[in-house]
Amino acid sequence: MEEKKPAISRRRNTLTAVLFLLFLAAGVLLIGASTLKDGFLRKELSTLRQDLSAIPIFLENGAEAAVNQDLDRSHIFIQLFGGVQRLSGRRVVEDISGGYNVARLSNGTLNFVTLAQQQEDYAGNARKMATLQQSFAEVGIPSVFVLAPQKIQQNTNPLPVGVHNTANEGADEFLDILQQQGTDSIDLRPLYETGGKYASYFFRTDHHWTPEAAFMAWGYLAPTLAQKYQLNTVSAFTAPGYWEKTVKKDFFLGSQGKRVGTFYAGLDDITIFTPKFDTDFTYTCPAYEIDRSGTFEQSVCLPERIQKRDLFGENPYAYYAGGDYPLATIINHKNPDGAKIVLIRESFACALTPFLALSCSELITIDLRYFEADLMQTIQDIQPDLAMTLYNVGSCASEAMFAFD
Amino acid sequence: MLFSSSVFLFLFLPFALIVYYVLLARRRSAQNLFLLLASLLFYAWGEPWFVLVMVLSILANYGFGLWVHHAAYAKQNIRLPCIAAVLANIGLLFVFKYLTFVLDIVNHLGAHFMVPVIELPIGISFFTFQALSYVLDVGRGHGQVQRSPLKVGLYVAFFPQLIAGPIVKYETVAAQIDNRKETWDDFSAGACRFCIGLGRKVLIANQMAVIADRAFAVPAGELSTAFAWLGSIGYTLQIFYDFSAYSDMAIGLGRMFGFHFLENFNYPYISTSITEFWRRWHISLSTWFRDYVYIPLGGNRVDKRWKLARNLFITWMLTGIWHGANWTFILWGFFYFVLLAAEKFIPMRKTPPLWCKWLFTMLMVNFGWVLFRANHLRHALQYLGAMFGLHTCGLWDERAVFYLLENIPVLFAALLFAAPVAPWLRDKIAAAKPRLLLDIAYAAAVLLIMVVSASYIIKGTYNPFIYFNF
Numbered sequence: 001m002e003e004k005k006p007a008i009s010r011r012r013n014t015l016t017a018v019l020f021l022l023f024l025a026a027g028v029l030l031i032g033a034s035t036l037k038d039g040f041l042r043k044e045l046s047t048l049r050q051d052l053s054a055i056p057i058f059l060e061n062g063a064e065a066a067v068n069q070d071l072d073r074s075h076i077f078i079q080l081f082g083g084v085q086r087l088s089g090r091r092v093v094e095d096i097s098g099g100y101n102v103a104r105l106s107n108g109t110l111n112f113v114t115l116a117q118q119q120e121d122y123a124g125n126a127r128k129m130a131t132l133q134q135s136f137a138e139v140g141i142p143s144v145f146v147l148a149p150q151k152i153q154q155n156t157n158p159l160p161v162g163v164h165n166t167a168n169e170g171a172d173e174f175l176d177i178l179q180q181q182g183t184d185s186i187d188l189r190p191l192y193e194t195g196g197k198y199a200s201y202f203f204r205t206d207h208h209w210t211p212e213a214a215f216m217a218w219g220y221l222a223p224t225l226a227q228k229y230q231l232n233t234v235s236a237f238t239a240p241g242y243w244e245k246t247v248k249k250d251f252f253l254g255s256q257g258k259r260v261g262t263f264y265a266g267l268d269d270i271t272i273f274t275p276k277f278d279t280d281f282t283y284t285c286p287a288y289e290i291d292r293s294g295t296f297e298q299s300v301c302l303p304e305r306i307q308k309r310d311l312f313g314e315n316p317y318a319y320y321a322g323g324d325y326p327l328a329t330i331i332n333h334k335n336p337d338g339a340k341i342v343l344i345r346e347s348f349a350c351a352l353t354p355f356l357a358l359s360c361s362e363l364i365t366i367d368l369r370y371f372e373a374d375l376m377q378t379i380q381d382i383q384p385d386l387a388m389t390l391y392n393v394g395s396c397a398s399e400a401m402f403a404f405d
Numbered sequence: 001m002l003f004s005s006s007v008f009l010f011l012f013l014p015f016a017l018i019v020y021y022v023l024l025a026r027r028r029s030a031q032n033l034f035l036l037l038a039s040l041l042f043y044a045w046g047e048p049w050f051v052l053v054m055v056l057s058i059l060a061n062y063g064f065g066l067w068v069h070h071a072a073y074a075k076q077n078i079r080l081p082c083i084a085a086v087l088a089n090i091g092l093l094f095v096f097k098y099l100t101f102v103l104d105i106v107n108h109l110g111a112h113f114m115v116p117v118i119e120l121p122i123g124i125s126f127f128t129f130q131a132l133s134y135v136l137d138v139g140r141g142h143g144q145v146q147r148s149p150l151k152v153g154l155y156v157a158f159f160p161q162l163i164a165g166p167i168v169k170y171e172t173v174a175a176q177i178d179n180r181k182e183t184w185d186d187f188s189a190g191a192c193r194f195c196i197g198l199g200r201k202v203l204i205a206n207q208m209a210v211i212a213d214r215a216f217a218v219p220a221g222e223l224s225t226a227f228a229w230l231g232s233i234g235y236t237l238q239i240f241y242d243f244s245a246y247s248d249m250a251i252g253l254g255r256m257f258g259f260h261f262l263e264n265f266n267y268p269y270i271s272t273s274i275t276e277f278w279r280r281w282h283i284s285l286s287t288w289f290r291d292y293v294y295i296p297l298g299g300n301r302v303d304k305r306w307k308l309a310r311n312l313f314i315t316w317m318l319t320g321i322w323h324g325a326n327w328t329f330i331l332w333g334f335f336y337f338v339l340l341a342a343e344k345f346i347p348m349r350k351t352p353p354l355w356c357k358w359l360f361t362m363l364m365v366n367f368g369w370v371l372f373r374a375n376h377l378r379h380a381l382q383y384l385g386a387m388f389g390l391h392t393c394g395l396w397d398e399r400a401v402f403y404l405l406e407n408i409p410v411l412f413a414a415l416l417f418a419a420p421v422a423p424w425l426r427d428k429i430a431a432a433k434p435r436l437l438l439d440i441a442y443a444a445a446v447l448l449i450m451v452v453s454a455s456y457i458i459k460g461t462y463n464p465f466i467y468f469n470f
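Chains as they are written, first to last, in my numbering: chain A, 1 to 405; chain B, 1 to 470.
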């Protein structure tokens, strides 16, 4: 827009135009280099060559998404984007899909938030959970629902003005209904709420609890399960002294951090727990052709996840148990007389699973988001000593987590 | 294809520049043909089938141009080919844009026509008006007839202004199709303009869009007065930055290829009257309607006041309808007819202070944008009601606070640069010394805007373009 004829410097425009052309050229080179190395655009184009019906998707979004990924292989742009958001004082970085808005809490850590009001059916899910537990009881399988904490503590509001998280209240309602229906549940939240260190049990750039928090949960669950269900663990194993802890400093950028870069909220350390006692496991997951045997740190933990520091490409949290698998089995060869537990789980269970496996002879994990077989039949076939469901507070409203049919 | 997309910035544009300036250097016919093909690709990227509609429009108007030219050459009346061209173009626009709306109205009146589902080709109003301008300008003798349909195609479909304007009148660029001269001065000025436009679009318009879209999506009764005002101001800023930034990029790209388009915006939000606002807002559309509708109707030079009112009424109703097939646009056009008629016919006994005039103008413009943005008339009335405290959830709510706090720096920048602060700064800098350092600082700042904008694009943030729908 021109208000009046300006005295424009030719040199100024020349400098700008040269920088502009260099910037375009850099973009072309980045895309070109990525394409030569089997980049995303190349993959899209090879898909097109095989299937011309994919052209509309390619034109609508496929090409743009592929070019964006090729351009940002080194994640410079996402870092810059996050830095600008931080500088401009943004507390919520909205995601284009609306499902992954990242909020910076008042303590500087990150969490996903929803800005639109959503239908959250805690009561409906609780009734489904109770019905499932009653079905287990009918076939003689004890069961328990374990509620893991979420990053936002009860009765606190670290979110920006206008953003709300009512998941704790929803989880309270959920547990009340389980109690009314006479089914077992364990609420882990109080475990973390004393001592004023609540935030330290969660990653800064991720919504998950830390391995320390999961270890603590195991330390609480092991005697509880022993008392309630006579499922004994060698009690010494839960003592911190039996474990070597190695802290990998500034090693982890979580799910929220990956969306906004390190300039927005920094980085996380992650603690690697290694037992000082003998362990021997076999960990299998047919869907992902996983079959690994060996010690705790070689089988139920995946050292390849922490081999190198790759903030955007790797997920060191998945060092523990590998990730979210539809069905996986861990056999603890050192505890053949231990309990056989089925764990219906979500990602919070990743950090707990390797520890819990020490309490079992066999631990079978099922993630309902990916599991497609008949749940009840599968569990009846397994005949576990206990069917445990472990969800965090935020998962209690999820439809997929309670798709038991 | 969007200008603010990685595919355009890092594939299409570099490819177009290299082919145009390296492979086809100094071969004007080949350059023109390439620009036409590139433009068709640009359009087809988003509208693979509707590109055929545009090609049909180009060929038809090429034919109408020849017909008008032959009629004029043979000293015959050119009215018939001109009317045929108007009917054909408006007919095309009617089918794609207004048919379902009209059938809905007729059905409401008791008829039972089947209402087909018709998708709107992006930018159809822009390229139809531009194509019509070709025929009418040839008829008026304001430009030479083109013997080659490829050149008509290039004029209509040239990618910088194809889908959201500015509406380039044929007389403006007729000579440039064959006789333009590309210079480094033009190229570099165009590149600067493009970068600034990209920044204004991505860093300001898209952020304002979030506020506006959230506010306008709140159901009736749940909107607070403060959020209603924030949303309307957000939309007022969004539509200005969205559209004027697109014009900046279009004008900049045009210059990079040697074309000079006329300005489309001139700081409309500093206007102190509605008449002034429309001299500064979407200048190419106002000029189009002035030259092809208002003046042919007699314009201001009529002997009776009712005729002036009639001319204003027709022009503004058409302006409203041009924007879309919805009662909101018709009422918006009528709203401006009333305001402009009032300015023309109601004499002021005492001139109010300038700030009062500005405030009144901005309030009217803001209310106009609420009409324009609303989904339907009832929505518009509910929203305007909420702005005045009717049927709200209160004077303010947390959403208003949230969106205000989240966007303070962008809102501040948006309000600041809606005034001619940039040219003022530029003039100050031009007078300052040492120039070299300032030139380097300017170039670095523009590069920063470009890189930050690219980071938003690559991250995949909200990126709507309002005027593509027209």
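Calculated directly from the structure, the hints in this document are not laboratory data.
A quick note: this is a predicted structure, and the numbers were derived from the prediction, not measured.
The beta carbon of each residue, even a glycine, is placed where N, CA and C say it ideally should be.
Certain hints may be false.
Unchecked claim - Here chain B is said to cover these stretches of chain A; the calculated rule only asks that three of the stretch's residues, wherever they fall, bring their Cβ under 8 angstroms from a Cβ of chain B:
#	region
1	21-29
2	79-88
Said to hold, decoys possible - Cβ pair distances, simulated, as ranges:
#	chain 1	residue 1	chain 2	residue 2	range
3	A	Ala-137	B	Ile-408	30 to 40 angstroms
4	B	Ile-408	A	Pro-286	52 to 62 angstroms
5	A	Leu-29	B	Ile-270	17 to 27 angstroms
How the hints compare with the structure:
no., hint, result
1, 21-29, "holds (count 6)"
2, 79-88, "holds (count 4)"
3, Ala-137(A) / Ile-408(B): 30 to 40 angstroms, "violated, 57 angstroms"
4, Ile-408(B) / Pro-286(A): 52 to 62 angstroms, "holds, 54 angstroms"
5, Leu-29(A) / Ile-270(B): 17 to 27 angstroms, "violated, 43 angstroms"
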